[in-house]
Amino acid sequence: EAQVTQNPRYLITVTGKKLTVTCSQNMNHEYMSWYRQDPGLGLRQIYYSMNVEVTDKGDVPEGYKVSRKEKRNFPLILESPSPNQTSLYFCASSKAGSMQETQYFGPGTRLLVL
Amino acid sequence: AQSVTQPDIHITVSEGASLELRCNYSYGATPYLFWYVQSPGQGLQLLLKYFSGDTLVQGIKGFEAEFKRSQSSFNLRKPSVHWSDAAEYFCAVGARNTGTASKLTFGTGTRLQVTL
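Residue numbers (our numbering), protein chains in the order written: chain B, 1 to 114; chain U, 1 to 116.
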């Protein structure tokens, strides 16, 4: 089954404790992206990757890091989480190079930073 | 830069009634337009998309949307709502420039409640 998976689905952590949210897709997609969803703000793009070893900032990249060492994986790293990073995070993937390709979203990771 | 406005934060309709969710976009040319649905606790699922051609687009689950260039709108419609349609709906616009070929800009969402 074609899918985007994220782990963990729920996470409670404390300020400053480094964490990683994993994202994996089995569709051989070149393009992957991370979004955060906050009430009243919709989804905002954090980082995206056009292919392996190619990443770039989205609209709200501060406080986040990403890496793309393999085509199927695109982890989101919070080196020193803060309470304002409490949010619902979505990973998405699609074939690169064309907006006409459908973006597939993962189920989301709900993060609470205390 | 593109932007999307969904003026209705919350809409309540009765089961069986018709539905229209509003979406207005800002973009310098003809954009790519999308509607996604997010059911409680789920990720986003694509309902339909517009790229070019026929301005009335049919999607899954009986939804349709009409692109109106003169009004910069892409409203989502359904003739008869089912209780299972209760969810949050997001309109999104995509730029046609290839530099960020897959970047989507989302609206703030409209939460649909369906009463029985």
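Hints are computed from structural coordinates only; laboratory data are not their basis.
Note that the coordinates shown come from a computational prediction; the quantities given were computed from them, not determined experimentally.
Any given hint could turn out to be false.
Label-pair restraints from in silico Cβ distances [as the list claims (entries may be wrong)]:
{"hint": "1", "chain 1": "U", "residue 1": "GLU66", "chain 2": "B", "residue 2": "SER80", "range": "41 to 51 Å"}
{"hint": "2", "chain 1": "B", "residue 1": "ASN7", "chain 2": "U", "residue 2": "HIS82", "range": "26 to 36 Å"}
{"hint": "3", "chain 1": "B", "residue 1": "ASN73", "chain 2": "U", "residue 2": "ARG111", "range": "31 to 41 Å"}
{"hint": "4", "chain 1": "U", "residue 1": "GLN71", "chain 2": "B", "residue 2": "THR20", "range": "43 to 53 Å"}
Beta carbons: idealized from backbone N, C-alpha and C, even for Gly.
### Task
Mind listing which of the numbered hints don't hold for this structure, in increasing order?
Hint check: nothing fails, all pass.
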